[in-house]
Amino acid sequence: MESLKNKFLPKEKFEEESKEVLSSWPTGAEVDREEAVEFHKNLPDDSCMVDKLTEADEAKKTLTQPRAGVALPDELIDLLGHLRTEGEADLLPVTIDSYTRQNQYEKAAQGIEESREEGRSLLNGFPAVNHGVEICRKVVEALDAPVQARHGTPDARLLAEITLAGGFTDFEGGGISYNIPYAKDVSLEKSLRDWQYVDRLVGFYQSQGVEINREPFGPLTGTLVPPAVSHSIAVLEGLLAAEQGVKHLTLGYGQNGNLVQDVAAVETLRVLARQFLDDEGYEDVSVTTVLHEWMGGFPQDEAKAFGVISWGASAAALANATKVIVKTPHEAEGIPSREANAAGLKTSNQIVSMLLDQSLEDSAGLEKEKDLIIREVEDILGRVKELGEGDWAAGTVRAFESGVLDVPFAPSRYNQSGILPARDNEGAVRYLEFGNLPLSADIQDFHEEKMKKRGEKEGRQPGFQMVTDDIYAIGKGRLTGRPRG
Amino acid sequence: MESLKNKFLPKEKFEEESKEVLSSWPTGAEVDREEAVEFHKNLPDDSCMVDKLTEADEAKKTLTQPRAGVALPDELIDLLGHLRTEGEADLLPVTIDSYTRQNQYEKAAQGIEESREEGRSLLNGFPAVNHGVEICRKVVEALDAPVQARHGTPDARLLAEITLAGGFTDFEGGGISYNIPYAKDVSLEKSLRDWQYVDRLVGFYQSQGVEINREPFGPLTGTLVPPAVSHSIAVLEGLLAAEQGVKHLTLGYGQNGNLVQDVAAVETLRVLARQFLDDEGYEDVSVTTVLHEWMGGFPQDEAKAFGVISWGASAAALANATKVIVKTPHEAEGIPSREANAAGLKTSNQIVSMLLDQSLEDSAGLEKEKDLIIREVEDILGRVKELGEGDWAAGTVRAFESGVLDVPFAPSRYNQSGILPARDNEGAVRYLEFGNLPLSADIQDFHEEKMKKRGEKEGRQPGFQMVTDDIYAIGKGRLTGRPRG
Amino acid sequence: MKEQNGNDGEQDDITVVLGVIGSDVHAIGNQILERALEENGIKPVNIGVMASQEEFVDAAIETDADAIWVSSLYGHGEIDCRGLREKLEERGIGDVIMYIGGNLVIGKKSWEEVEKLYLDMGFDRVYSSDTQPQEAIDDLREDLSAAGDVSGG
Amino acid sequence: MKEQNGNDGEQDDITVVLGVIGSDVHAIGNQILERALEENGIKPVNIGVMASQEEFVDAAIETDADAIWVSSLYGHGEIDCRGLREKLEERGIGDVIMYIGGNLVIGKKSWEEVEKLYLDMGFDRVYSSDTQPQEAIDDLREDLSAAGDVSGG
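Order-wise, the sequence lines are chains A, B, C and D. When we follow the UniProt record's numbering, the leftmost residue of the first sequence carries the number 1, and every step to the right adds one. When we follow the UniProt record's numbering, the leftmost residue of the second sequence carries the number 1, and every step to the right adds one. When we follow the UniProt record's numbering, the leftmost residue of the third sequence carries the number 1, and every step to the right adds one. When we follow the UniProt record's numbering, the leftmost residue of the fourth sequence carries the number 1, and every step to the right adds one.
Worth flagging that the hints you see were computed from the coordinates, not collected in a lab. Heads up, a few of these hints could be off.
[Said to hold, decoys possible] Partial chain C-side listing against chain B, Cβ under 8 Å, derived: (1) Asp24; (2) Val25; (3) Met50; (4) Gln53; (5) Tyr74; (6) His76; (7) Ile106; (8) Gly107; (9) Gln132.
[Stated by the list, open to error] Only pairs whose alpha carbons sit at most 27 Å apart, straight line, appear in this in silico DSS-like list of lysine-lysine: (10) Lys476(B) - Lys60(A); (11) Lys452(A) - Lys61(B); (12) Lys138(B) - Lys41(B).
Since this is a predicted model, take the numbers as computed values, not measurements. Where is the CB? At the ideal position from N, CA and C, for every residue including glycine.
Modelling step: build the complete structure from the supplied sequences, incorporating the hints.
Dropping the structure here:
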């Protein structure tokens, strides 16, 4: 592999790689991009994600989107239809199963088979590659809302080819956000390169007048991720996508639970993305935002789960996120029933609609939190650019090698796992250990002071037990895990 | 009746009236106050409302309390036990039935009879007067949390005698708040006089070392009540209670839905009560606060109802209210099942516990809202004192006569119903018509400007249709009722 | 429909007695209904909250009402409404149109059960508490027109 | 109990192979379990996420493990775990203690059903995803002590 650069893939190179990608599984042969462009142009406006997001962004509305996917297409249509009519979802997902995410299409095929036999889904999502372009189109055409692929696939090239040719108008993921939290042994160079292909493919459709949205996966490991860590990665993936011709980005953030920090995070995500995109000359790339409702552990009790869901939707609404990814009252149990999924949507819809005209007031605390996030991200991305000698892709690889970029609790061996996050007394996520994050001394002091104060309140030394307690806390109804009294 | 004055009832007068009150229904004969003092002193600490509230106030916790009551004592114990163990309620209520609220004890007796026959409660609460002192004590002793009478009784003298002798440690209501929103034909002079008796009774127990809490009913008609209107009444009832020897007040407010206004309301309620109590020399009276979750119409759908409940609990937690009165997912259907009641509690508990360490940051908008409420209440109460020539009781009567005090949507013919409230563009409750509220010109301009802006946004004249739309809005998931597009 | 519903300045000479029955003091819906009737050119005779069966019957006779609209929000409607239709019959106006709306039972029952309960008691239509006034007003015009009480147009 | 649970500096020479089975990449619980085992004086052999049945078996044989702790958070556990006990038997360590914990099925089933499913597959104990590490550690000491593998305190 030649060394990775953040450079637009030339047509010939892209086409050559395409042949390889499309021949890696039989359904790849169904992809005819010119014909797919025509298909997209004949789709009703209802199916266009970019339109829906732009409209919501202008009206300062927060749209709702569930997660959902099952093994078989008819059941998928039925499920998504239910979430649309009964759950009043604004936007639809197709969540892809875990085998497909690992490119294990044979296993996915077996899952399809067993699901048919048993009459229930034995896969945790929809194996879109196995089903192929025509069946994806059947799904898209059966629904009156835009459909996005949501997954967790380090090498999503074939999945992107098939779902985009299949009429999906939004594709989630990125070379960092779908590798580091989702894989163990995939090198960043490989995944970044594979996602250049995905972005280049989106860029192709875009160049033909087909509006496709791209959404890096914001929450990463979904647990105690400091906003500056996920923001740095979101902005980087946005820059890499823009270079390949992507014109519409939705950048994401996973709710941490402290309202001021969450609102500060969503607001700064927009500001930072705009700042870095403009600096690099991508002024024509649009940015919207998504907040993911609480990604950590959930209470078993459904009434309590509704409380957690509502608090997520409240944060999204008060932060004016363009959309919110919705949890369900079955969250603690694994994959939810369609009724539970619809219930989570309805609760979230009620909140975002009740709070439509409200936002969090500017306050000294909010301003401070925003400044902090912006300075941290500037510190981190500044160092990434230095490491890459001006190249964001090379810089990303080197930054992970050196721990300048580092994701807490990630399974990947390409991640240093040197930072340790924990909550402060107000429940905001801070750093207990910095690893090699290049944060200014005064910022480090700020975080250390916050952790010290928590230690004083709890009468213990700041340490790993706080982290464990924080992770288990929500199941006990708390944000910050306090020692048992 | 001699003319009403805000003066401590002398012992002889109180005792004389007692005889009349206690002889008005057979169970009155069970009341022996000296013995009741002993009974209270032997109750476990768990049963003392004042202790629980004081402790929560110091820890800045928000406690949860449901509404609940059924016709028969065993079923009541069962219900409240369920709300305590399964719903994790911190504080317990005994909601009194509507016949008892109207002193129609014969009808209540019939309701008890029919409930026994049918094996289900045909009353919407517990007829405590009919059951008498011993059965109230049985209820209190069966439970491990303090019990409060919650009702809506203009003449609650006998109910107070029986429930307080029966071991209840908190009594809701007041001469204004349990008359104007709850009665049609009861004069304020009569109800204020009757509540002097109730407060004097509480003052008696207090003088014997039995801590009893008193809670004026904050939300009034529960629909679009501007904070200054309910605050003025809450403070007045606090002053009247303090004069009779009440030492512990919980002042209430019904959530309006706009977070900034709701937080401003709870915070100013505390400030205003302290200010007026201290000015009148009642420095030794403690003040805690209660926020009532959304008192208006509820969505039929339970998942949506959970959203509304959560938003109420969020406001209570972020405003640091001492307790929150909890709604249920069956709210739209009438009286909830015990499971639904427990579910509402669990959702609320999850929220107040998750948000324990958070509060709304000080902001310019919050400060402005707080200043506004404080100035309005000062305007109103200043005029009340003038009208009473220094006497708060006489002033209250005259203020209602002249519309200086005025409750929107109240059934009482002693209320002028001259003010008309509606929401502004952010969902905060403003005045569309002021009636005779003595508000400064600049404050009136502020409200008029807010309503004008709403009219502009909606392309219609501010008017009654906005009010109707606001009242129906929540059932459609909205706070502000916008015209149909 | 639009012509019929809007207040075009003409009165249709329809009179509706409305009130909240029993010991119920919920005044908000009552005040909104009254205003909605007025704006639709229908004459409201509002006997307010805490109205007894007798007050409904007396008011209907005194005003020669076309319909009685009973509200009940506090759960006791089942007890409060029993025998109302019979009282109307005794007083010679057994055929007056009678609607009820609100939170009509204690505990959660299916809407079908609730509706049947009140239809069996002699109500012509039954509404849940989230019904917009306009819906009942439209129904009333339809019912009156079917009964031939209104000349129309 | 307290003496047994706390890390008193002595190693009990207990070894636990832990990992997340199948194509599952949920790393958080895995990292917390590892740390909790260490702090309890038990030797963790962490084969990490995306571990195959073979990796569990190999690691257990290589380290002479006392127990295998399987995690599964993504719903596919049912497919991933079938035959694991049989593989252990084939390789001659059929009697090793085997626990599983996590989100173990797709769709909402009663806990009794879920537990039975995995007990029938040959797991000795089954845990839901909100179990604190200490609970499983306490159970392990009890099971090992019952099996006579540990000399005790």
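Hints, one by one, checked against the model:
no., hint, in the structure
1, Asp24, "holds (7 Å)"
2, Val25, "holds (5 Å)"
3, Met50, "holds (5 Å)"
4, Gln53, "violated (14 Å)"
5, Tyr74, "holds (6 Å)"
6, His76, "holds (6 Å)"
7, Ile106, "holds (4 Å)"
8, Gly107, "holds (6 Å)"
9, Gln132, "holds (6 Å)"
10, Lys476(B) - Lys60(A), "holds (19 Å)"
11, Lys452(A) - Lys61(B), "holds (23 Å)"
12, Lys138(B) - Lys41(B), "holds (16 Å)"
Comparing the model with each earlier hint shows a violation of hint 4 alone; every other hint is respected.
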